[in-house]
Amino acid sequence: MYRVPLSVLKPTQITIGMDYVHAKALITARYSGTRLKRFMRDHALRVVVGPHNALYIVDHHHWARAWLDLGYADAPVTVVADWHHLGRRRFWKKMQARRWVHPFDETGRRRSIDDLPQTIAGLIDDPYHSLAAFARRAGAYRKPTRAFVTFVWSEFLRKHVAAPDKEAGSFSLALLRAIKICRSKTAECMPGYLGDKLS
Numbered sequence: 001m002y003r004v005p006l007s008v009l010k011p012t013q014i015t016i017g018m019d020y021v022h023a024k025a026l027i028t029a030r031y032s033g034t035r036l037k038r039f040m041r042d043h044a045l046r047v048v049v050g051p052h053n054a055l056y057i058v059d060h061h062h063w064a065r066a067w068l069d070l071g072y073a074d075a076p077v078t079v080v081a082d083w084h085h086l087g088r089r090r091f092w093k094k095m096q097a098r099r100w101v102h103p104f105d106e107t108g109r110r111r112s113i114d115d116l117p118q119t120i121a122g123l124i125d126d127p128y129h130s131l132a133a134f135a136r137r138a139g140a141y142r143k144p145t146r147a148f149v150t151f152v153w154s155e156f157l158r159k160h161v162a163a164p165d166k167e168a169g170s171f172s173l174a175l176l177r178a179i180k181i182c183r184s185k186t187a188e189c190m191p192g193y194l195g196d197k198l199s
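So the sequence shown is numbered by UniProt numbering: it starts at 1 and just counts up by one.
It should be emphasised that the hints constitute simulated quantities derived from the structure, not laboratory data.
Watch out, some of these pointers could steer you wrong.
[Stated by the list, open to error] Below, in silico cross-link-like pairs of lysine-lysine (DSSO-like), each with a Cα-Cα straight-line distance of 30 Å or less:
hint : residue 1 : residue 2
1    : 143       : 166
2    : 159       : 143
3    : 180       : 143
4    : 185       : 143
5    : 93        : 180
6    : 159       : 180
7    : 94        : 166
8    : 159       : 185
9    : 180       : 166
10   : 10        : 143
11   : 166       : 93
12   : 93        : 185
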């Protein structure tokens, strides 16, 4: 594990949930000094070394954006694969095989690898990522062991919950609906499904 400038990290997805980013920023802001360093180490960004030694985030995009928005210059990273020796085409083929790249836009439409933002600052908001994340934190479904499962739940909610708007209370109402639908039989084939019995 070592620290790198947040500005050099490359995303492997187009979207994040900005409401969830704001929550992670609030959590991080509780810490300072040694406790902050330890907290960030405990949530180290997982990266893959790609062609030309570029660093690609494969997990914890929301933490990365939260820390960037807080004005932090760098963050701890853990290298999960070193593929710097691969050509571009073979690199992305391996990334796709591992489900470490998610080029979906804010409407859920699949885009080209070329549409991935070059920096964390370029990530755009998809409210369904926030709904899926907060619903999980509320116990609506089990925490996934693989990061890509979050996208599966986001897409599920996109089909069943009207998108929240900027009106006060809109996100809260959408979240209530999201939790309910995640616990319903409609979601019984989804990974991490818990059913309607509260644990």
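Evaluated hints:
At roughly 28 Å between alpha-carbon atoms, residue 143 and residue 166 fall within 30 Å of each other, so this suggested pair holds. Distance check on the hinted pair: residue 159 and residue 143 sit about 21 Å apart at the alpha-carbon level, within 30 Å; holds. Distance restraint check for residue 180 and residue 143: the Cα-Cα separation of roughly 17 Å lies within the 30 Å cut-off, and the hinted pair is therefore satisfied. With a C-alpha separation of about 18 Å, the suggested pairing of residue 185 with residue 143 holds against the 30 Å cut-off.
Distance restraint check for residue 93 and residue 180: the Cα-Cα separation of roughly 37 Å exceeds the 30 Å cut-off, and the hinted pair is therefore not satisfied. In summary, the hint linking residue 159 to residue 180 is supported, as the alpha carbons are separated by about 14 Å, within the 30 Å threshold. A threshold of 30 Å between alpha carbons decides the hint, and for residue 94 with residue 166 the separation of about 39 Å lies outside it, so the pair is violated. Proposed proximity of residue 159 and residue 185 is supported: the alpha carbons are some 15 Å apart, at most 30 Å.
A hinted pair counts as satisfied when its Cα atoms are at most 30 Å apart, and residue 180 with residue 166 qualifies at roughly 22 Å. A distance of roughly 25 Å separates the Cα atoms of residue 10 and residue 143; the hinted pair therefore holds under the 30 Å criterion. A hinted pair counts as satisfied when its Cα atoms are at most 30 Å apart, and residue 166 with residue 93 does not qualify at roughly 38 Å. For the suggested pair residue 93 and residue 185, the alpha carbons sit about 36 Å apart, so the restraint of at most 30 Å is broken.
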